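Take a look at the letters that make up each chain.
Protein chains: 2
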Amino acid sequence: MILTVTLNTALDITYRVRSLRPHASHRVSEVLERPGGKGVNVARVLAALGHPVTVTGFAGGATGQVVRDRLTRTPGVLDALVPVAGATRRTVAVVDELTGDTTQLNEPGPVVAPDEWAAFQRTYEDLLAAATAVALCGSLPPGVPVGAYAGLVRSARAAGVPVLLDTGGEPLRRGVAARPDLVKPNTDELAELTGSHDPLRATQDARRRGARAVVASLGAQGLLAVTPEGRWRAAPPARVPGNPTGAGDSVVAGLLSAEAEGLPWPDRLARAVALSAATVQAPAAGEFDPAVYERLLGRITVTDGTAAA
Amino acid sequence: MILTVTLNTALDITYRVRSLRPHASHRVSEVLERPGGKGVNVARVLAALGHPVTVTGFAGGATGQVVRDRLTRTPGVLDALVPVAGATRRTVAVVDELTGDTTQLNEPGPVVAPDEWAAFQRTYEDLLAAATAVALCGSLPPGVPVGAYAGLVRSARAAGVPVLLDTGGEPLRRGVAARPDLVKPNTDELAELTGSHDPLRATQDARRRGARAVVASLGAQGLLAVTPEGRWRAAPPARVPGNPTGAGDSVVAGLLSAEAEGLPWPDRLARAVALSAATVQAPAAGEFDPAVYERLLGRITVTDGTAAA
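The listed protein sequences derive, respectively, from chains A and B.
Under the numbering used here, the residues of the first sequence are numbered 1 to 309, in order.
Under the numbering used here, the residues of the second sequence are numbered 310 to 618, in order.
Read the hints as simulated data drawn from the structure, not as lab findings.
Keep in mind that this is a model prediction, so the values were computed, not measured.
Treat each hint with caution, since some may be false.
With beta-carbon atoms standing in for the labels, derived distance ranges [as the list claims (entries may be wrong)]: (1) A:P244 to B:A593: 33 to 41 Å; (2) B:R548 to A:G100: 36 to 44 Å; (3) A:P114 to B:A394: 38 to 46 Å; (4) B:H332 to A:E261: 34 to 42 Å; (5) A:L218 to B:D378: 45 to 53 Å.
To give a feel for the contact side, a few chain A residues facing chain B, derived at Cβ under 8 Å [as the list claims (entries may be wrong)]: (6) P22; (7) V66; (8) Q104; (9) E107; (10) P108.
A virtual CB, placed ideally from N, CA and C, is assigned to each residue, including glycine.
Using the sequences provided together with the hints, build the complete structure.
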């Protein structure tokens, strides 16, 4: 199975309102809830693609229980979350029906105690024994040391399990130095890591810092991959309108699933871009429409070599 | 014990954000949660005043379980909520730290099925046997018939239990016709019921429609009471700045507790106004500051007879 790690799990709540006006009272016409956090989103897409996946990280309180109950009901997903004393955070996305825009409210989430972090690390080591790949996704909750991902990358490498890291800031900087197989920064994360706003230069620099391969997400322009096997750029046929929430998580799921199926890099990238675009176009944030995915898959342009520059 | 009925219970969540801007992403700096719905708020104030209270109504889903767990931990409050298949609603109050203003998001709540409504009515009849007074509070959830409060008023009268009704619109119109002992409308509810915007005229009209006594809430101007024992107006010493959330529920708790202690009308009204003002001034919405309450209590002006006009 593929293992995904989400240290900052969430219950993602979506509210539809007619029009959001500060200081007014609003009737919510529709409430949607789903387990969230980047690794959880990756797991849902992997399971939908037919890849068995185990989810670990932290869950606590009544909201954590809702997250666990819902994960347990998701076919193909195994819940291996570790209990935490504090309550799992909620995120509330308020969708304005008039404009289609979203206003986001993110709870801070629980502080992880040292013994909880130690318990997680033991669980993670145990789960690595059965994992074919591991994805470390998202921000670190308060209480988890900033070098956490670096340690988790080293454990995966020691266990011989390919490891993908998808985070930003100092956790990414330290994680990259521990030599993960793949990192997937967006342009902002890449610029913060390397100091360069040139995607190719920054991607090459990220490799020099320790990542075996780098897939940079260029937003609507698709992906730029610099790997030991070569260099590619993959782009959707046209600019895709919609909600980008979860698009990056679909990229991770696309890369991991295609690698698990033994596909070469160009096919991995095409799948990742098609899944990402199908996620942007889905009516619910972070879902993807399988029909849109299938239709887009044959229309992704993958160019290789120096064309990537 | 005093019984409070809340058919539309809620989990009231308060988020503090630096400044709410539509279409932006916000970090919530503080999360507060408490059981809500008008009758639940009344029960919390009654318990704080030393009056044992039983809470009934509906609770369902994970949110309903949180409401029940918290009620069980509130000293003096007994949980007699009836299970419902749907999930209890949440309300989210987003407090803007820069302006102090609040933006409210209210979930619709569950639809109550006919067998759930029947189960509630049986529980209510059972609880009436031990009740010294009953308060019927708030709006009706979808699925509950619009004449619900009229039926609950008649059951209380048949059981010889004094009944207070605090609601609006058609449920109030029908409830008043079933001859409750007391109704506590605000000026908008009173105007909707009677067609008159003159508080004294409207209050007298509400009595003619069936209410034995009417205590009209005039907002910052205090209360106007028209009863078989006389007519009074009660007002705080000065305009009280703050958050009016829960002020009306504190009025209900003040009236019920003072009546249970055998106090005459002027004392009941003074307590209700002082509690209401202490609620408006409290930092957390719907709480009240006992020290502020004690200090205000001796400073409420109660005028009687024609002075009420």
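Is 45 to 53 Å a correct range for the gap between the Cβ atoms of L218 of chain A and D378 of chain B?
-> holds (47 Å)
Using the C-beta atoms of P114 of chain A and A394 of chain B, is the stated range 38 to 46 Å upheld?
-> Holds: the Cβ-Cβ distance is about 42 Å, inside 38 to 46 Å.
Should the hint that P244 of chain A and A593 of chain B are 33 to 41 Å apart at their CB atoms be regarded as holding?
-> holds (37 Å)
Mind checking the CB of Q104 of chain A against every CB in chain B and telling me if the closest is under 8 Å?
-> At 4 Å from the nearest chain B Cβ, Q104 of chain A passes the 8 Å test, so the hint holds.
Quick one, is the P22 of chain A hint okay against chain B at 8 Å, beta carbons?
-> Given a least distance of 5 Å, the restraint on P22 of chain A holds.
P108 of chain A as an interface hint toward chain B, with CB separation required under 8 Å | holds (6 Å)
If you check the beta carbons of R548 of chain B and G100 of chain A, does the distance land in 36 to 44 Å?
-> holds (42 Å)
Could you tell me whether the CB distance from H332 of chain B to E261 of chain A stays inside 34 to 42 Å?
-> holds (39 Å)
With a cut-off of 8 Å, does the beta carbon of E107 of chain A approach a beta carbon of chain B closely enough for the hint to hold?
-> holds (5 Å)
Was the hint right that V66 of chain A lines chain B, CB cutoff 8 Å?
-> OK, holds: V66 of chain A within 8 Å of chain B, min 5 Å.
The earlier numbered hints are all upheld by this structure, with none contradicted.
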